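Starting from the given sequences, assemble the full structure and let the hints guide the process.
In terms of numbering that gives the first Met the number 0, the sequence shown has 128 at position 129, counting the first letter as 1, and numbering is strictly consecutive.
Rather than coming from a laboratory, the hints here were simulated on the basis of the structure.
One thing to keep in mind: the hints can contain errors.
As the list claims (entries may be wrong) - Pairwise CB distance ranges, derived in the manner of DEER restraints:
| # | residue 1 | residue 2 | range |
| --- | --- | --- | --- |
| 1 | 104 | 201 | 15 to 25 Å |
| 2 | 213 | 46 | 53 to 63 Å |
| 3 | 132 | 213 | 21 to 31 Å |
| 4 | 236 | 45 | 54 to 64 Å |
| 5 | 259 | 127 | 47 to 57 Å |
| 6 | 55 | 132 | 32 to 42 Å |
| 7 | 3 | 119 | 43 to 53 Å |
| 8 | 128 | 163 | 22 to 32 Å |
Computed from a predicted model, the values in this text were never measured in an experiment.
Quick reminder that beta carbons are idealized off the backbone N, C-alpha and C, glycines included.
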Amino acid sequence: MNKKIIEVLQKLEILREINDEQYSALAFKKVIKNLEGLDYEIVSKKDLENVSGVGVKIKKYIEDVLKNKEIPELLEEKDKIDSIYNMMSLHGIGFRKALKIYLSGEKTVEGYEKKKRIPREIVKKFEKDFKEIIKKYDIKYKITGSYRRKLKDVGDIDIILYDENKNLKKIMDKIIKKLNIVKTLSHGDIKFQGTIYLNKEYPEERIDITIIQDIKSIPYALLHTTGNVNLNIHMRKEAIKKGWRLNDTKMTDENGKNIEVNSEKQIFELLDMKYLKPKYRNY
0 MNKKIIEVLQ KLEILREIND EQYSALAFKK VIKNLEGLDY EIVSKKDLEN VSGVGVKIKK
60 YIEDVLKNKE IPELLEEKDK IDSIYNMMSL HGIGFRKALK IYLSGEKTVE GYEKKKRIPR
120 EIVKKFEKDF KEIIKKYDIK YKITGSYRRK LKDVGDIDII LYDENKNLKK IMDKIIKKLN
180 IVKTLSHGDI KFQGTIYLNK EYPEERIDIT IIQDIKSIPY ALLHTTGNVN LNIHMRKEAI
240 KKGWRLNDTK MTDENGKNIE VNSEKQIFEL LDMKYLKPKY RNY
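Structure follows, in structure tokens:
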């Protein structure tokens, strides 16, 4: 029941924040923190006696939750709350950031995604700088995604580093230190995810760097990360029709044997599809 109580109180806190009722929002925030620290479940109002910060109004809300009663103001303001929670479904966006985005005037995920896309020229400038950074390591790379598809604006910056002979993990770590990384979301042996500072207008943009050490996986990795997602889904369905399986690193036949290719074009041909250059893959 604690989880449900906290969820309701968080929604009520959201409404207070939206309406700029800072004192009231802070009261909810404190109670939520105290509830999260409990080592027992709240099943009756008696269990609230030792929970600090629970005033008369908040206590009434919790009692309504315990009785499975609807909270009228949550029903009335459902659209606002849903907007915040939808924003929180995006990678790297928690409650506080979702609220900040909402209060800035952006109410939908679609609008936010469109607004945060980077002009192609900005990424082109980034690529020029990136080339200088990796020049000394003599490795291959591709900036994939919508940039490789030649769109006029770009979502995330997706980079593949590939070379079968070098220690790419070590090189990737050195490269990351030279980039203007703002925040690290994850940093593993084959993938880095974070945000990067490009300029004053784009102070925190998402960047993913992936290592491909197996040279046989490169065509598949390029195909998958270039997208778009609709084309990837379509091609996987075409593979299934043949009894094959296609993913971001390989394609296997009906016996589970790897189907080796030297290019993305070969993958299209094996699936009896017309080859599409990256700029035509906005499927």
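Right, here's what the structure says about each hint:
no., hint, verdict
1, 104 <-> 201: 15 to 25 Å, "holds (18 Å)"
2, 213 <-> 46: 53 to 63 Å, "holds (56 Å)"
3, 132 <-> 213: 21 to 31 Å, "holds (24 Å)"
4, 236 <-> 45: 54 to 64 Å, "holds (57 Å)"
5, 259 <-> 127: 47 to 57 Å, "violated (34 Å)"
6, 55 <-> 132: 32 to 42 Å, "violated (60 Å)"
7, 3 <-> 119: 43 to 53 Å, "holds (46 Å)"
8, 128 <-> 163: 22 to 32 Å, "holds (26 Å)"
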